[in-house]
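Engineer: Heads up: the sequence lines are chains P and E, in that order. Taking the numbering used here, the leading residue of the first sequence gets 13, the next gets one more, and so forth. Taking the numbering used here, the leading residue of the second sequence gets 212, the next gets one more, and so forth.
Hints are supplied without guarantee of correctness; some may be wrong.
Stated by the list, open to error - Think about it this way: if two alpha-carbon atoms lie no more than 30 Å apart in a straight line, the pair counts; the simulated DSS-like pairs of lysine-lysine are:
#1 K801/E - K134/P
#2 K38/P - K293/P
#3 K810/E - K134/P
#4 K976/E - K947/E
#5 K26/P - K293/P
#6 K947/E - K1146/E
#7 K754/E - K834/E
#8 K533/E - K606/E
#9 K134/P - K806/E
#10 K810/E - K38/P
#11 K507/E - K606/E
#12 K810/E - K39/P
#13 K805/E - K134/P
#14 K602/E - K573/E
#15 K940/E - K892/E
If you're looking for bench data, these hints aren't it; they were derived computationally from the structure. As the structure is a computational prediction, the values presented were derived from the model and not from experiment.
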Amino acid sequence: MPDLTTKYLGLELKNPIVASSSPLSKKVDSARRLEEAGVSAIVMYSLFEEQIIHESLELDYYLTRGTNTYAEALSYLPDIGNYSIGPEAYVENLYQIKQAVNIPVIGSLNGVSTGGWIEYAKKIEDAGADALELNIYYLPTDPDLTSSQIEQADITLVRDICARITIPVGVKLSPYYTALPNLIQRMVEAGASGFVLFNRFYQPDLDLEALEVVPHLILSESYEMRLPLRWIALLYGKVKADFALTSGVHTSEDIIKAVMAGASVTMMTSELLRNGPRRVKTLQEELQFWMEDNEYESILQMRGSMSQQSVAEPSAFERANYIKVLSSYNERSEFSHRVIPPRST
Amino acid sequence: MTRIRATIDGNEAAARIAHRLSEVIAIYPITPSTPMGELADAWSAVGNPNIWGTVPSVIEMQSEGGAAGAVHGALQTGALTTTFTASQGLLLMIPNMYKIAGELTSVVIHVAARSLAAQGLSIYGDHSDVMAVRATGFALLASCSVQEAQDLALIAHAATLEARVPFIHFFDGFRTSHEVNKIEQLDDDDLRAMIDDDLVRAHRERGLSPDRPFIRGTAQNPDVYFQARETVNPFYHHCPTIVQKTMDKFAALVGRQYHLFDYTGVPDAEYVLVAMGSGAEVIQETVKYLVERGEKVGVVTVRLFRPFSIERFVQALPATVKAIAVLDRTKEPGSAGEPLYQDVVTAIDEGMAQGLATFSTKPHMIGGRYGLSSKDFTPGMVKGVFDELKKARPKNHFTIGIVDDLSHTSLEYDPYFDITDPSTIQCVFWGLGADGTVGANKNSIKIIGEETDNYAQGHFVYDSKKSGSVTISYLRFGPEPIRAPYLINNANFVACHQFSFLERLDVLRPAVSGAVFLLNSIYGPDEVWDHLPREVQETIIAKKLRFYVIDAYEVAHQTGMGGRINTVMQTCFFAISGVLPRDQAIAKIKETIKKTYGKRGEAVVQQNYRAVDETLAHLYEVKVPDRVTSTLSRRPPVPAEAPQFVRDVLGQMIVGDGDMLPVSVLPADGTYPSGTTKWEKRNITLEIPVWEPDLCIQCGKCAFVCPHAVIRPKVYEPALLDQAPPTFKSAVGRAKEFRDARYTIQVAPEDCTGCSLCVEVCPAKDKSQVGRKAINMAAQPPLREQERANWDFFLQLPEVDRTKISLSTVRNSQLVTPLFEFSGACAGCGETPYLKLVSQLFGDRAIIANATGCSSIYGGNLPTTPWTVNKDGRGPAWSNSLFEDNAEFGLGMRMTLDKQLEYARELLPSFTGQLDADLVYALLHAEQHDDAGIKAQRDRVAILKQRLAGIDHPRARDLLSLADVLVKKSVWIIGGDGWAYDIGYGGLDHVLASGRNVNVLVLDTEVYSNTGGQASKSTPRAAIAKFAAQGKSLPKKDLGMIAMAYGYVYVARVAMGYSDIQTLQALREAEAYDGPSLVIAYSHCIAHGINMRKGLDQQRLAVQAGLWTLYRYNPVLIEQGKNPLTLDSKEPTIPVDQYAYNETRYRMLVQSNEHRAEELMQQAQRDVRSRWDHYRHMVAVLEPEDND
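Can you build the whole structure from these sequences, using the hints too?
Structural biologist: Here is the structure:
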């Protein structure tokens, strides 16, 4: 029987299937079900800086609006007084989940500013998180903001957080950095232990009927893992960090590919939301069968076996890859329409 | 023992005692007692126990009558029970009060005493309500202040247990109930010491129990009823002694000594006033002042009015008394005198006869009225009464505080008479409701009261509008206790938080010489002077004011506070007033911010901190020039062309000078002219909609949804544009029938509230820039003058002939002039668009019965009212009776119309010889199904009237007086869900069952909006509301389905945000149906905690989520062999939470109790499914057999 164990952010994990941040990691019950189904670790849902500020200001606005204006209605809503806004409820929830499961629990922090926000990382650590995933979710829209300013701010954030806490920190990044390997290397220097590639943005859509921009939330598909797959393959072995592949992991084949590219773990959301935690068991069995059939002994053996530095044709991960895709257009037309050529070519 | 000193209001002071001494509390909202119920509910919701360690059970009832019944039942089974009420609410309790007293049941009802609705409703304070229950057998115990509201609450609870006489404990509505003052708070040990547990158990043992059964509440006959009624006499006889004993026990425990009748003054006083409530405190303070100046005066403060102890009253009077003036805060028209006066006269008479009095010569006695409906009662008025009393022939049955030039009852007084302790600092703050001024001042008072050694008092006054309202905060503080329950006319500090007030209000009137004036101004210290109106400059110079400015909006904007300048202005106040050292004051402000907002999240706290930190750098003292330079003048409240009554009477009210109006100028029977809001140009928004003719598709939706009727379309002859102002916009008519006409959408720039609903609903977008619509918001100030001229021109344009178009389309419906305009409703109100539509469709022949609530307030609150008239002088005739009886009120109107029509029709044939037979026939057989038919009938009636005028016969004169009824009239019964689902439901059910032709429109906001968002039976599951702070656990009552069960009631559920055309269709069908109709309209509301400009979106989502399935049940279709029930919306397409979590009322539950929120939301989702299935099933069941 092959050895499925893996190591991510210094954590010994029983297999490479990690439940990514999702509604399933919000509750003790569903966290337990994830553990029972076989996931090796749980990433908590994200504590969003922006959302906390928004919720706080919004609640205050609506509790205050219209008050002390008309003698008969000096307020319109009962001020209950105790609200779970801010990190306290999150931290409490993390603590409860940590108490309820035996697998590692990774806290998730989604913020872009330093200062008071750093303290939330400390609170997450104090609540018992085994590691912290720092989700840098930021859309730079200011034309005066340079890429170096953005990168520097992100690195400062990583450094500040790593200095404040002792648990390992994984950084979840978007693919939209100019020089990703350099950024990652500098983040490693700043204290990051691993990287989760990539953050999946929900892209708004245009409603042609109403002529409005509308939010559009869709679950991922397997093809979406190509991007992180490529980058993990490129980065594996070049920087001293673990990698987690997220976005588009749905099948055991996806898991195998991710590990071969160099990922220590894969993170799943859409597949678990679509099919429920029980899906993990099947994936694990399939992974096991495949490894047995193909005579792989362990995940460790498999990890990075198809990274750029391990494959026969390293350039296949670079520019040549695009040419190959074009040449295979007719054969694989079902996916080809989704491949968007890089602008530089 | 050291007790906590708390700075709280009278309601909280009383409710805290009541909650801790009760097991069962039945509540119902009514101003100004509502906060007592809310607090009790909130305390129980968070598990605060009573002094015995168990949490009181609180239940909201459907009415005060219901609350009284529940109280009675709880008492009869032995629970310590209480309730809170006021005004009409107390009247609804009267039947039970007789029972409760007759059965010698211990209970305390806490009353924030309030006026009764007579010639008009008033929410403000006087003793009309408590005086109306003086015959019930309840003891009446009066508190004069916030401190007493607490102390006497306890004394009442303790005394009732021993006396077995039930108690009303009352204090003055608003003046005491809402006054914030620093008091010594009683602790639980005090309460335990005062309450005898043996008496509690005795009370319990008197309760009904099948283990020791008896019957109580028998029917009695002439043989014994009388005697049985007399059995209670010993209890009433002993009650005063028990109360005094309890007061003495309280004094020994706490140190504050009260008496049934407390005398204040010199022992050898010759002139004595008698009063109760907060007015007595004013008299006490004035007496002390006068006594120090050698006057022989005194005052008897009545605390226990019932049972009235003659002995103790006469003994309270000094032996030297020569003359007594009794002051009643109520009016009893036609009586020999007001109640307290009559009791005093009787008491003196009997007391002397029985030898109880210490005086041998009967004092001269007069009585008078003061302070009705919170009319300010000042030391000057007290002195005026004393001055009158000293006269040889003082005026009896006088009034004080008004000018009665009709019956000449009023006394003269010096309004500037001042007894303020020089060490007391007095401050007046003028604010806008939305700017947070009152909230900031409440915090300031708490800081001063609780963080310094000063005593402090805060009182707050609001105007009658729900949007753009002016607030005035009165703050006093100083080293001596503040016993001054009246407004401030001599302020050391005046702050004006809105620059625009200077244009229309005399904000500096209360400033004393040398006072500080703080102004929120966009103009800095060097430029502000030239922007002040002349009158303001004159006052600043004449009174030698120290003048400061701050651009609070700039600071608020910079620190992310938006339009809320509360923190900024509060910081300025502390910085200038010097009540605390500046650094200490800022630290305390920040502490308060943390305390007030901390639970809402750190972001809010930090934002406010930033505002505090930024403020002082923007605060400047202005070097006041020594001469007046301004050419600007304060503008008149209404234009010169307004009718005289509007100018002379309503205009005075608008500028806050209503107190000066003499009796003679006011209507004697409460009748006021229609359509007066148009004269009050409030200019309350900084942004108004601007029309883009090139993009407009002329659909009329903007006008349809406008809550304030400020955006209107017209079609007219092109030639009329010749006289148009240069910026007047116009487009070619797009509709087929208007191709040759011009079309304009015009905005009333000074009446708009800036809600933006019109922009939100506008479907026309610029193809090159989709963010630009056919209606967009733009800054109002630069547009004000030009659009005012355009609006005036627009009003001159003729209205489309409604007999020539069909009003069945949204577009056409809006071409008819609305007869409901510019109300004081909230910006973006979800109710008023429905009312406006009713006014357009049927207003020229509508009579409206309006239940008390939001719609009666924005519909009928003085000074100006929105129901108006068309060019022919016709329009809705509107009246409000009460909250509970509105359906019956409307039915009565229908009965009249039907009877008068019947009589007119009976009379008509008797004039066959004198009137043209064809005319008579046509009048009797007129088709009036549409506007053309109605117009034709009106023309006939006009001819009839002409003919009848020439016939000299009593029956002709009768018919002439009834002729108008021959034109079809439309009766509309309008109210909110609090009325329709709860307090008025019994009546509504009966009226619907009556089969009469009335149209009921329920403006369903799913809460009691007018009293601040209490839960009704319409409140949906999972939503938080007051009295349902844990989220409503049961589903919304399906009023429509209940009504539909009759089979002959037209029922529709509408939501114009989902389908405007369905709304229009339903209202037209309802009105056309010759029987009872019920239209339930989704009305988004500020109490939902939504962005009001998204109100229509929420309506749409509510329908899509299946929470508000649209339908019409039309009994007419049964006769046509069709299915009467039509579902007008589709099967739910979105989950409930997609709608609900856009609203704070639902989201709050997630934030406070996520688990419960989830559970209730799942149940709400199941409700949707089962209700949809039920509707579908109903449709199937109602399908005529032939259609199967």
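Engineer: A separate judgement is required for each hint: does it hold in the structure or not?
Structural biologist: We went through each hint and held it up to the structure:
{"no.": "1", "hint": "K801/E - K134/P", "in the structure": "26 Å, holds"}
{"no.": "2", "hint": "K38/P - K293/P", "in the structure": "21 Å, holds"}
{"no.": "3", "hint": "K810/E - K134/P", "in the structure": "21 Å, holds"}
{"no.": "4", "hint": "K976/E - K947/E", "in the structure": "22 Å, holds"}
{"no.": "5", "hint": "K26/P - K293/P", "in the structure": "13 Å, holds"}
{"no.": "6", "hint": "K947/E - K1146/E", "in the structure": "25 Å, holds"}
{"no.": "7", "hint": "K754/E - K834/E", "in the structure": "14 Å, holds"}
{"no.": "8", "hint": "K533/E - K606/E", "in the structure": "15 Å, holds"}
{"no.": "9", "hint": "K134/P - K806/E", "in the structure": "24 Å, holds"}
{"no.": "10", "hint": "K810/E - K38/P", "in the structure": "22 Å, holds"}
{"no.": "11", "hint": "K507/E - K606/E", "in the structure": "20 Å, holds"}
{"no.": "12", "hint": "K810/E - K39/P", "in the structure": "23 Å, holds"}
{"no.": "13", "hint": "K805/E - K134/P", "in the structure": "22 Å, holds"}
{"no.": "14", "hint": "K602/E - K573/E", "in the structure": "17 Å, holds"}
{"no.": "15", "hint": "K940/E - K892/E", "in the structure": "22 Å, holds"}
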